[in-house]
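Based on the sequences and whatever the hints tell you, model everything.
Spelled out from the first residue to the last, the chains are:
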Amino acid sequence: MGKITGFMEYEREKQPYRPVEERVKDWKQVMQPWPVEPLKVQAARCMDCGIPFCHQGCPLGNMIPDWNDLVYRDQWADAIKRLHATNNFPEFTGTLCPAPCEGSCVLGINEDPVSIKAVELSIIDKAFENGWIKPEIPEKKTGKKVGIIGSGPAGMAAAQQLARAGHDVTLFERSDRIGGLMRYGIPEFKMEKRRLDRRMEQMEAEGVTFKPNSHIGVDIDANDLKKEFDALILSGGASARRDLPIPGRELKGVYQAMEYLPQSNRVCMGDTIPEEELINAKDKHVIVIGGGDTGADCIGTAHRQGAASVTSLEIMPKPPKERAQDNPWPQWPFIYRTASAHEEGGDRVYSVQTKKFHGDEDGNLTDLELTKVEIQRTGGRMMFNDVPKSKKMLKADLVFLAMGFTGAEKAGLVEQLGVDLNERTNVWHENWQTNVEGVFVAGDMQHGQSLIVWAIAEGRSAAAAVDKFLMGSTDLPSPV
Amino acid sequence: MKQPPKQQGLYDPTTEHDACGLGFVAHMKGQKSHKIVDDALTILRNLIHRGACGCEENTGDGVGILIQKPHKFFKRVCAEINIELPESDSYGAGMVFLPTDPEQSKHCQDIFERIINEEGQSLLGWRDVPTDDSLIGPTAKEGEPTFKQIFIGKNDELDAPAFDRKLYVIRKRVENEIWGSELSERELFYLTSLSYRTFVYKGMLTGSQIEPMFPDLGDPDIESALALVHQRFSTNTFPAWKLAHPFRYVAHNGEINTVRGNANWMRARESLCESELFGDDLEKLFPICIEGGSDSAVFDNVMEFLHMSGRPLPHAVLMMIPEAWSGHETMDDERKAFYEYHATLMEPWDGPASLSFTDGEVIGAVLDRNGLRPSRYYVTHDDFVIMASEVGVLEIAPENVKIKDRLHPGRIFMVDTKQGRIINDEEIKQEFIDEHPYGDWLKKNLMPIENIPTPKNIHGLDTDTLLQRQQAFGYTHEDLKILMAPMAANGMEPTGAMGTDAALAVLSDRSRLLYDYFKQLFAQVTNPPLDGIREELVTQVAITIGPEGNLLKPAAESCRRIKLNSPVITNEELAKIRDVNLPGFKTKTIPILYSVAEGGAGMDKALEDVYVEVDSAIKDGYSYVILSDRGIDENKTGIPALLATAGVHHHLIRNGKRTQIGLVLESGEPREVHHFAVLLGYGVGAVNPYLAFETLGSMIGNGRLPEMEHQKAVANFIKAVNKGLTKIMAKMGISTVQSYCGAQVFEAIGLEKAFVDKYFTWTASRIGGIGMKIVAEEMNMRHHNAFPEREVKEPELEWGGEYQWRRDGEYHLFNPDTVFKLQHATRTGQFEVFKEYTSRVDDQNEHRATLRGMFEFKFADKAIPLDEVEPIENIMKRFSTGAMSYGSISGQAHETLAIAMNRIGGKSNTGEGGENPARFVADANGDLRRSAIKQVASGRFGVTSNYLTNADDIQIKMAQGAKPGEGGQLPGSKVYPWIAEVRGSTPWVDLISPPPHHDIYSIEDLAQLIHDLKNSNPKARIHTKLVAEIGVGTVAAGVAKCHSDVILVSGYDGGTGASPISSLKHAGLPWELGIAESQQVLVMNGLRDRIVLQTDGQLKTGRDVVIAALLGAEEFGFATAPLVVMGCIMMRVCHLNTCPVGVATQNPELTRKFTGQPEFVENFFKFIAEEIREYMAQLGFRTINEMIGQVDKLDTNKAVDHWKAAGLDFSNILYKAELRPGDKYYQVKEQDHGLERSLDVTKLVPLSKAALENKEKVDIILPVLNTDRTVGTILGHNITKRYGAEGLPDDTINIHFNGSAGMSFGAFVPSGITMTLEGDSNDYLGKGLCGGKIIVYPPRHSTFIPEENILVGNVLLYGATSGEAYLRGIAGERFCVRNSGVSAVVEGVGDHGCEYMTGGVAVIIGKTGRNFAAGMSGGEAYVLDEDGDFEIRCNTGMIGLEKIEEQEDVDKVKTLLSNHVQYTQSTVAENILKNWKDYQGKFVKVMPTAYKNVLAAIKRGKEKGLTEEEAIMEAANG
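One line per chain: the protein sequences are Z and W, in this order. Each residue of the first sequence is one higher than the last, beginning at 2 in the working numbering. Each residue of the second sequence is one higher than the last, beginning at 4 in the working numbering.
It is possible that some hints are incorrect.
[What the hints assert, rightly or not] Pair ranges (Cβ atoms, derived):
1) W:466 - Z:37: 26 to 32 angstroms
2) W:466 - Z:205: 29 to 35 angstroms
3) W:955 - Z:16: 51 to 57 angstroms
4) W:820 - Z:205: 36 to 42 angstroms
5) W:870 - Z:14: 55 to 61 angstroms
6) W:467 - Z:206: 23 to 29 angstroms
7) Z:16 - W:458: 56 to 62 angstroms
8) Z:75 - W:1512: 40 to 46 angstroms
These are calculated hints, taken from the structure and not from any lab test. Here the structure is a predicted model, which means the values were calculated and not measured. Idealized CB from N, CA, C, for every residue including glycine.
Pasting the structure below:
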């Protein structure tokens, strides 16, 4: 609380974005850094609450009021220390997190919440700028070996925590580059990949060994790995995608978002994609099914590829502008939001369900058939009923399914280790340890698809559990 | 019950308090007569209202009379039983209380006789004392001893004084032997006195019973030239014959707050005492202080010791109760030297005291430095001196009165019957001052720290290891940010809000410092807290440290000590002490480190080693030891500093060496005010918190303290600690650090009893808890953070989370989850969600936070059907909301609560800020915005007859959970016009609530205020709000005897708008302890069923309420939870006026955001009531009444597996006191307020009928006595009832009284009444005057000069809001205190005049005392300053002094003076008016600065053409 009355004096400002007409022409990050002075004003809006709901709302338990205060006071070096104390990768969350903290910000009860995320990003950017981010190399090594399978945010966080605790950590990734969904799921314009590379450098110096192209359970037997390491952490994500098994699904032009986005990312990174595999939206009518973040990423990508039109479809009704009665503060506000990709164009259609894909004789997608739906709640269950006579056809050259994920992949790793799943097809665990001793789990693999911030938090907690398992006690923090 | 009960349940006999009325009559020339005895007994009868009765009307708390040994009488009656008495000088006599069992009685007599022989004297005989106990009540009878008088003949070898000393030795030996014996009735044995000079009759009697009880007293042969009487008001009703006063030399009214420390220090001093007078007999006198005696008894013990070993009585008095000298503006150096020297011999016995003393020859009285007890005297033309707590206790013809005066703070008044004159204060003191060259002695020996050469080696800042050491000593980010930064920046202790809902130290999962296990005690009811800020002249933080000399033989070297300006010392000062190289000073540093790995055993052993080192240091002639925890490393850490110092302190008390060495602490641990308070309280003399200083250095380095130099930061920090200490001392009523040192005014909570008994001896710890092992474990946790075996993360301080919730910090009951659930449930009316909320709060298995969290219900085998349990409507009547003022919370929030509570039949509380009369009328929809409970707090804001008349309940706030013992301040910026209007003050001007009620300095004063308020509205219930601490049960019993209808016992954790953080956290106890103790003690006393017991303090769920009921509460208050229901999100910034949800702010920008609705609050209470019903069904209770006090339905968690909580023992809380036959565990009877016997009911109201009914003019003439108290108030109430705030036209009812009026004359009298008193009056005249007129002048045929004599008592016009007062004579202390609207003229005032005044006009045409205008934020005073020295006596903190220049002022003063002449025939005023030109320039106008500025700003605004309202709003900007 740099300024006691800051919240009464200052308004929330919007995060500066590059102008739409400029940014859709390239792949560079849309979000722009805040100049220091206006950012300090934003930090001054923080009320340093007796109960900082933001700090609770953040899975990592970020000490938000404290670094808001430090930023207001221009104490950036202390701010990054405080931020890093709870968050290994503030630049990931600072760019990508939907910021549940802001949803639970107390000021948000009757005003716009504090721009927490922007402050967070500025702190870490400033820290990198000033060269304050250095490897934290442990003084003593424990001689214990930990293998971490899956290099998304959960795996990376766990790896960094354990390496700093003195363990020998190897981080396995089935893909050719480290980073999981952050590498291939997130478009460059949302988070530049250099941020990832920069962290990898630090982690390498701290003693983490990266093993990309290592598909455990396929290329390498998981049990061999288990023998080689004193502990394993499974952090392979919830990569089983939800599909849409309706007539026409097999048509050419219907893709999973997770086929489309990684490829586009590869292109950005300079990889060459064979012409026949290339999915390019240029001059095409694109429909994205699923109104979430992945959907928005598809929209932004399609815009940049020069799509003729982009429409996104969502089965749920359009969210209200303000919190609904049954969605009180400090719960995550289910309200109508506009991502950067939405600003860039396209239509958003709500309360519709895709019934059928139509194609031409060559098996190419031409149209999409949908109906309006109404929600009917019976007991706890939600049913979507077609609205009579609401059938509609949309022109479609490309459809991307961005409908979420259904849980951990069973084949390979999970089966080989004999790890149990729970009823939601996520990996079962107790205090991060699966039913197999010495095998731990973190991130979406046990949570189901979720936010990066959860993944980092769980990676940290799993690291603490592993440290305790290996050493008998631990001082590593366990945020969740 | 033959004897007072021992400790049982939560009752602790050491918490007994008493107060009283006292008086004496003496003939100045020593003429003996029986009349003096008779008169003294009359005084007793006229002071009955100052004593009390217990559960029986005919059992008093005790009275007594001390007279000269009635030789004539004894000679005669002894002859009748064949005892031949020699000359009066040659025998001693004593009254002996003996066991009732004849054998035991005989045994005692045998011991007595044997010792008389052994001491070389002879027994002359025993006389059975005739008694008649037929009038006394059963309780008193139960404890009644048998009575014999003993007569002891002097051995011819001795002279009379030596014989008196011998009698003293005999008495002490007999006492020691009998009390140390195995006799079952040994406690009955007692000697009221044993002397050849004086004799005492006393017992557990009322003022009217003593004479019938001891028919001796009626015998005309009983003659004395002096008689000292005392009427006791005890907080309990247990038989205690020997606790009646007078003791051998004194009768005491008041309370010694530091008595524990004083007694400890005395004990430590004994070994150094040597006396030529006693020689080898000296040993026989020890222990001087009788363990288990009352404070007055112990005081008497020491005074007797000092006197018998050679000091004249008044000298002993000056040593023990010195006046406030250090800050005295005008005291000469010699006198200061006298006091300063004696302060090195003995610390003051600090606390309110009006003390009368006599040795049979001189008789005198003294008032403590604060002058908080009333004492008035008359001297008559025929040489009688009559002194008493009140005037009017003895009828004296006005023309016989020569002088009327009062005792002044710190001054002695004494009659020497030998010399046959009054010896005044100056003369008495001068004699002692001249005795020795004290100034020289001090100059040569007492070494101010600044005079010691500065050594080379001073510790600096070690940044490299700072973090590690901070971790080892448990520093948190919060310590830095919330506690230390504001201290260093502003020199002020930080403020917090909304109470505390965090875990008690013993229930916390975190490692907590030992200090956290100690709760500060505070004064309530029996003794007033002080205002250390506004009344700074009585406080002193300077302290001298070092070895003491022989108390009995003062010498120059006795003051060879170091004088510190503050008990907190810098590194430089410590280095000076360490390296001091001067004769008589030698310092040894002793490390207090231990090996962490060895745990509790290692710590224990290390402590023993420290003791050995300290002992040998003393042996080697060192004068100081520094206990130091410097030098911690990966293996070693410091013994908790508090444990080390308290351990050494008590070790040295035990071996009698404590006063041979000065104890200094050098520690990294202490950093908050409370830490220093506990350290000092357990005996350390000076503390060097080096790590705190280094931390400040690093905070400057990293920008946490911008633009600050280290030296300045350290100085500010020390200043803040000292301010905080002053406040902590003041809340206990202690003025000097020297007396606070070692006074142990703490209760331990969560510490093992054996551990406490060993290291913190004589500290209460009633629920057990952790011992050495766990203390070491907690140390270990901190040490581990600092020195981890394996570093896995960037080292960083922990957050803490005590003050602001954090996930890794301390557990709080209100956290994001529970706040959300509570708001959601009550806003949407979902009981299921509410149950989720309560289950989160109640389920403290995982996180323990409260004592109640540890309890379990023993449900009935078979639940009763829910529909048989009484309905929620019945239950909700027992609910109230907490006292939150309009001012601390917004109007919206305040009215929302009121509407909701009125709808459900509960009660809301105004808080202390008054209430807008517009709210007394129902709204169109039937809602009533009136608060049913009207609070009366120390500020008395807006307390008028109309306010009180519109109450269902009137609540006296004695203390507040969040900051018991403290006052408050509403900063000017929050005094919005609408707040000022309701409070009767000026917008934008600070409002101060004093720490004490200035009309409650002791328990009988509370009885008086209760009486006043009952008179102001006879239908209302009168509440007394207390806060839980040890002894609250005893206080509650006393309050019940004061006829309070309701007693509220609050927990320490309750919310608040603003409180120093140390008070928020460290003062008071959870209500579980307070309510259980109150229930137990009330039941034991047979008082429970005449009062309603209420509790509050973080009540949040139905389970909380049920537990409170089972422990004894029948009504329940909620504050924080309803605030949360209305939108509060525990921002904890109430004090900043920035509440972002519009609850605790006045800022219109923010109150706009308030979204609370009465319906939400209704939902909350309905849900709570419903939950209660569910529990009741399971417990098998159909009504709440059935449930009250049924503690056996509670159990403690069977298996406590918490590492700390495992040692807790709740059996004391769950103790069920046995009912007396016919009694109940809950209220069934009404208190007898006795209003029907009052002058108002019997005379004034009937005589005023025409005025009341038809507004006709009425004239009444009546006599008045001091026993007629609160005259005019019921009449006023009757006017208000009919005519509202407006009252009747001025002078409609004119009443002329003749005589001495009792206390609270004209209290709360509204417009239309004019009360003229020809005579004089006691304290509290015109209290709460709200429109009426009061005129007092001496009887027309008096012979004394009115303007030179006292006319009216202390604390006049307290909280008065409008009206006039004209007083032809001098008023006592605190004239016009917190006046907010009355115009008054008086001809002289005592100390603290116009204190805290916020409005009105005072014209003073006579002498003024010291500290005038302290805390005066409004109104004006015009003071005639003939000697031109007024400024010295004025506290200019908030005011400016001006000349009278404006015509407006001239007119104002002249008008008031003309009125004064007209009403009182004042010749003084007449003369001034006649010679106005000469006098105008001699008047000083006292004008509060902020007030003046605001008035000027408003005026400017209006001149600019703004409306009044706009001008006021704009004045906010100055």
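Hint by hint, here is what the structure shows:
For residue 466 of chain W and residue 37 of chain Z, the hinted distance range of 26 to 32 angstroms is satisfied, since their beta carbons lie about 28 angstroms from each other. For residue 466 of chain W and residue 205 of chain Z, the Cβ-Cβ distance of about 32 angstroms falls inside the hinted range of 29 to 35 angstroms, so the restraint holds. Taking 51 to 57 angstroms as the suggested C-beta distance range, the pair residue 955 of chain W and residue 16 of chain Z conforms, at roughly 56 angstroms. For residue 820 of chain W and residue 205 of chain Z, the hinted distance range of 36 to 42 angstroms is satisfied, since their beta carbons lie about 40 angstroms from each other.
One distance hint, 55 to 61 angstroms for the beta-carbon pair residue 870 of chain W and residue 14 of chain Z, holds here, with the actual separation near 59 angstroms. Take residue 467 of chain W and residue 206 of chain Z: their Cβ atoms lie about 25 angstroms apart, and the range 23 to 29 angstroms holds. Checking the proposed 56 to 62 angstroms range against residue 16 of chain Z and residue 458 of chain W shows it holds: the Cβ atoms sit about 59 angstroms from each other. For the pair residue 75 of chain Z and residue 1512 of chain W, the supplied restraint of 40 to 46 angstroms holds, since their beta-carbon distance comes to about 43 angstroms.
Going through the hint list in order, the structure satisfies each hint without exception.
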